[in-house]
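The listed protein sequences derive, respectively, from chains A and B. Residue numbering for the first sequence follows this note's numbering, starting at 1 and increasing by one per position. Residue numbering for the second sequence follows this note's numbering, starting at 1 and increasing by one per position.
By construction, these hints were calculated from the structure, which means they are not laboratory data. Cβ coordinates follow ideal geometry from the N, Cα and C atoms, glycine included. Errors might be hidden in some of the hints.
Output of the computed footprint for chain B on chain A, the stretches with three or more beta carbons under 8 Å from beta carbons of chain B [claimed, not checked]:
1. 143–149
2. 152–165
On the chain B side, residues computed to face chain A include the following (Cβ under 7 Å) [to be verified]:
3. 19
4. 28
5. 68
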Amino acid sequence: MALLPTVAIAEPRVGIGGDVGVPDGAQASLAMRWSAVTFYAGTGHNGVTRGLRAGIELAPASWFVRPTLSADYGRFPEGDANPFARMVSRDPMFYSASLERVGYDYANGHLGIEIGRRLVFSLRGGVSHITGALHGLAAGSEAITFTRDPKATVWSVSARMGVTLYVN
Amino acid sequence: MSIKLAIVACALSAGCLVEVKVDASEVKLSYRGVAVPATKSAVATSFVVDDLAEVHELIGYDPEVRLLRAELHPIAGITSFDFVDSAHVTLAADGLPELAAYDCAHHCVAASGDLTVPAAIQRDVVDYLRRDAITVDVALAGRPPATSWSMDVDIFFAGSAHARIDAQSR
Numbered sequence: 001m002a003l004l005p006t007v008a009i010a011e012p013r014v015g016i017g018g019d020v021g022v023p024d025g026a027q028a029s030l031a032m033r034w035s036a037v038t039f040y041a042g043t044g045h046n047g048v049t050r051g052l053r054a055g056i057e058l059a060p061a062s063w064f065v066r067p068t069l070s071a072d073y074g075r076f077p078e079g080d081a082n083p084f085a086r087m088v089s090r091d092p093m094f095y096s097a098s099l100e101r102v103g104y105d106y107a108n109g110h111l112g113i114e115i116g117r118r119l120v121f122s123l124r125g126g127v128s129h130i131t132g133a134l135h136g137l138a139a140g141s142e143a144i145t146f147t148r149d150p151k152a153t154v155w156s157v158s159a160r161m162g163v164t165l166y167v168n
Numbered sequence: 001m002s003i004k005l006a007i008v009a010c011a012l013s014a015g016c017l018v019e020v021k022v023d024a025s026e027v028k029l030s031y032r033g034v035a036v037p038a039t040k041s042a043v044a045t046s047f048v049v050d051d052l053a054e055v056h057e058l059i060g061y062d063p064e065v066r067l068l069r070a071e072l073h074p075i076a077g078i079t080s081f082d083f084v085d086s087a088h089v090t091l092a093a094d095g096l097p098e099l100a101a102y103d104c105a106h107h108c109v110a111a112s113g114d115l116t117v118p119a120a121i122q123r124d125v126v127d128y129l130r131r132d133a134i135t136v137d138v139a140l141a142g143r144p145p146a147t148s149w150s151m152d153v154d155i156f157f158a159g160s161a162h163a164r165i166d167a168q169s170r
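Working from the sequences, and respecting the hints, build out all of it.
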């Protein structure tokens, strides 16, 4: 009887983590890591609404301090951004009809570093592509009407930092 | 995009190194109640649109504007533009040459009775929208009614704007 080759499949490491950055906001995620590949998904808040995010990360080295390459996609549904704008602009009277419904989809491409094995600290930075519709433009005009809401596309630098605790 | 909206976008999306592009696929500029006196031959009427403050705010960042179409809607004295054989709409603004903006020589009237005149040019006309006022001339050839009538005019255009906020511009 021929001996069949066996392949040992390592059990995934499971972790829970949190990170803060832009455009992701504050996120809480569940992570599953197989060797150099980590899948993560979670929920977060950007100061306006709650959203979802999922992604994949490669950390090809087994060093204590290791480089990472990650890509993720997230969505924040529309919400009223006027309170956030008042906080950012420090103008308690600020209001814009165009900020009543603000939401966006985003995709990140990040390089970063991770430090640690069970408790992992991470710092990532790179570029983000953000898309969303603009509502309420020219709301105060009787002569001007946007019969179709304009689309906004943003390319920006972005970064986030976080920590993940692997429970196994 | 207003400055404050750009700041919020900057704060929400990045550390103020941002490139933003806004595409508006259809924007309508409306003028209500254009009165047309009775005439036996071609109709020629003119009005001025000067409520452009909102447009100026929106086209402040590297904009591009293209004409789409003009729509004429009968509101009093007539129920349809089926008397029209051809239609021409021109735009004029202070310091700029008259622009043959919309033109239709046949099949201009929709089943609803409205008149739809497609754009006659496909170039950037943002300079006309930067002015404080635009004069719109409407010329209709055909068999006009023997009584006075009035219409609403909608001018449709599309545009895009581009803004870049970086560390050097802060």
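So which hints don't hold here, by number, going up?
5
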